[in-house]
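Trainee: Listed below, chain by chain, are the residues.
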Amino acid sequence: MLNASDARPAPGTSGRAPDDRAVAAGRPWGRIVRVAALVVGVALVLAFPTMVPNAYILSAGIVVVSYACTATAWNFMGGFTGYVSLGHAAFFGLGAYGTGLLIRDVGLSSFVAWIVAGALVLLVTIPVGIAALRVRGASFVIVSIAFVLILLLVFQAWGSFTGGSDGLVVPRPFPDLLRPEHHQVFFYLFAALLAVMLVVWWAIDRSRFGTGLKAIREDEDKAQALGIPTRNYKLVAYVVSATFTGLAGGMYALWFGDLDPIFQFSIMLGSYMVLMALLGGVRHLFGPALGALIVGSGLEYFKLEFGDTQLHLVATALLLGLVVLFMPDGIIPAVRALLKRFGPEDSSIREVTAAELLERNRTASHDAPSRDTASTTAAATAPATPTTRQEDGR
Amino acid sequence: MTTAAPPATRNLETVGLTKSFGGVHAVRDATVTFRHGKINALIGPNGSGKTTFFNCVTGMIKPDAGTVTFRGEDITRRAPHKIAQAGIGRSFQLCRIFPRMTVLENMLAAVRRTRRRELLKGARNAEEIDKARALLVRVGIDHLENIEARNLSYGQQKLLELAGVLMGDPDTIMLDEPAGGVNPALVGRIGTLVQELNAEGRTFLVVEHNMEMVMSLSHHVIVFDRGGPIAEGSPAVVQSDPRVLEAYLGV
Ligand SMILES: Nc1ncnc2c1ncn2[C@@H]1O[C@H](COP(=O)(O)OP(=O)(O)OP(=O)(O)O)[C@@H](O)[C@H]1O
Ligand SMILES: [Mg+2]
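Those sequence lines, one after another, are chains A and B. Basically our numbering = 1-based index in the first sequence + 5. Basically our numbering = 1-based index in the second sequence + 580.
Be a bit skeptical, because a hint or two may be false.
Here are the computed distance ranges between Cβ atoms for each label pair [what the hints assert, rightly or not]:
hint, chain 1, residue 1, chain 2, residue 2, range
1, B, Gly603, A, Arg39, 41 to 51 Å
2, B, Arg657, A, Ala136, 46 to 56 Å
3, A, Leu49, B, Asp749, 34 to 44 Å
4, B, Thr772, A, Ile272, 49 to 59 Å
5, B, Glu698, A, Ile120, 26 to 36 Å
6, A, Leu330, B, Phe601, 50 to 60 Å
7, B, Gly761, A, Leu49, 52 to 62 Å
8, A, Pro132, B, Pro679, 50 to 60 Å
9, B, Pro679, A, Arg39, 48 to 58 Å
10, B, Arg730, A, Val329, 15 to 25 Å
11, A, Ala136, B, Asp644, 20 to 30 Å
12, B, Gly603, A, Leu330, 56 to 66 Å
13, A, Leu154, B, Phe601, 30 to 40 Å
The hints are simulated quantities; they were obtained by calculation from the structure and are not laboratory data. Glycine residues also receive a C-beta, built at the ideal position from the N, C-alpha and C atoms.
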């Protein structure tokens, strides 16, 4: 697939050959659509609590936004570096229990406890990351699962401290608020946390650091051979990802008020993060949030309709399989490709570049040394520098 | 590190470099000195340890024994990115690029060193884009800058890899079979590029099986057999060395 239309000409540099001008011509539309979609999206999120018919739907909305937070947090690691962690629930649980225990045992006020718990997750993640990031691929997945399972066992067994399977009750931060208002406040708190994450993800995505992370995702050895300090880059991404996941967990503790190791340190939660991010598209800012919207709504709907069956697990597994098989890049690129097929400006960009590529290939194959037509064809089709444009044949 | 010769004349040197995989002695006690400012060729039969030697020098593989020095400084067992930042660029035998990045993004990812306070600076910085474009023009694939690298032909990918290496302004460039798998016209083009870049003062270490290229290009040839050097000298001298003929032809 050609990707020319994704690239933007840099400000301050003169336009390049045909492709750039085409991109520039198609750009205002893309930008307008994007800004409009963003405004509508933000407005919908802000208006949601006032539009819902009852507190139940509102709390389902909170669950969805908290999923969006965890999936976006996961994507700092999974999306940028390609390291798939199935055990990110570990950081969610640590953030949640950290917040709860700091309130209960240390007597910190709710939001101070939340921030301190986030900082603790950050500190814990450094040694964990150093150890876990020594391995890649499937081994990393397994290490990440092992980590969350260990924490699950510890938090279940150490009942005197964590409450074990009886759970840990976290005092509410706003005891005076009624249930609907409590939900409303937390919906906005989660949305604000999500907004912060999205801004940070966006900033990294366009930065040199982000480019280095993406190089690691593409080919880690090559990245290192080019001078990118891959170990430190990965570690920073891991710590940022874990810390945001921990903050989401802490927020959840403050909202929900009741923690159980089996839910907080669950492989399922970690799998949801992966599924949501993959479904929406890990290369895209809003991919994980979109995935969370779809999967989260689905899960809440299943719970409402069918109660506590395991049906939603089957549905989740099916969805994961379908995504991996048919939409490895997620919904956003799939939809974009679909729109491109109908959008006039964008399709013309594709045609220009595709035609050019075709021409290049034709020229290249004619340039094979055995063909004596080579020089004339090259001279006729290659515009500026025929000498440098002959040699890209296989 | 004592510096016997003036630093300006010293480039890469290895002493007793050794690496085995299980029972296979891939590199065995290799003591090699490459000529600074020259095009050095490293030749030898398949499996003679050339790529493993490259990997040991660039830190991709930790050698079992021996030392690697670069301009008189010990770089043995340093991390690959440190060695790259010290000014050694390399290509891979099976050309490696970032397949799902565009050609231009590939170039921008190859900036040699990013200072800590610049980490969050935008990656699409005008100065670096200009530099990247100039290099793409130089290798002849500037018209492809917005194409995802995986869509390039193999020859184009090799040119992109070379351009990416040049993005980091390395003083010493190690190429593992630059002419492998590309058509003769491109071989000529790559050869010319190497000569031009060498004329600008860059030292080259080229592993190559294409003898025509090796003999026409290089100033100094080192012949590997079974993990270590068996002969070295000017192309003419090496060509008539009986040990080389034996290693290559089995006579
Ligand atoms: N990672 C590895 N694991 C095990 N054996 C290896 C490994 N890498 C190389 N070898 C072995 O080491 C020896 C040297 O291999 P190397 O790739 O360095 O040779 P080469 O000179 O580059 O060959 P070619 O000209 O075919 O590229 C070979 O016998 C090879 O099988
Ligand atoms: Mg080799």
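Trainee: Each hint should be assessed against the structure and marked as holding or not.
Mentor: Here is what the structure says about each hint:
1. Distance hint check for Gly603(B) and Arg39(A): the Cβ-Cβ separation is about 59 Å, which falls outside the suggested range of 41 to 51 Å.
2. Hint check: Arg657(B) to Ala136(A), Cβ distance near 21 Å, so the stated range 46 to 56 Å is violated.
3. Separation of Leu49(A) from Asp749(B) is about 49 Å and departs from the stated range, judged on CB atoms against 34 to 44 Å.
4. Separated by about 57 Å at the C-beta atoms, Thr772(B) and Ile272(A) satisfy the suggested range of 49 to 59 Å.
5. For the pair Glu698(B) and Ile120(A), the beta carbons lie near 28 Å from each other, so the given range of 26 to 36 Å is met.
6. One distance hint, 50 to 60 Å for the beta-carbon pair Leu330(A) and Phe601(B), is violated here, with the actual separation near 37 Å.
7. One distance hint, 52 to 62 Å for the beta-carbon pair Gly761(B) and Leu49(A), holds here, with the actual separation near 53 Å.
8. Hint check: Pro132(A) to Pro679(B), Cβ distance near 33 Å, so the stated range 50 to 60 Å is violated.
9. Hint check: Pro679(B) to Arg39(A), Cβ distance near 26 Å, so the stated range 48 to 58 Å is violated.
10. Between Arg730(B) and Val329(A) the beta carbons are some 20 Å apart, a value that agrees with the proposed interval 15 to 25 Å.
11. Hint check: Ala136(A) to Asp644(B), Cβ distance near 25 Å, so the stated range 20 to 30 Å holds.
12. Between Gly603(B) and Leu330(A) the CB atoms are about 42 Å apart, so this pair departs from the stated range of 56 to 66 Å.
13. Look at Leu154(A) against Phe601(B): about 35 Å separates their beta carbons, and that is inside 30 to 40 Å.
Against the hints set out earlier in the document, violations occur for numbers 1, 2, 3, 6, 8, 9, 12.
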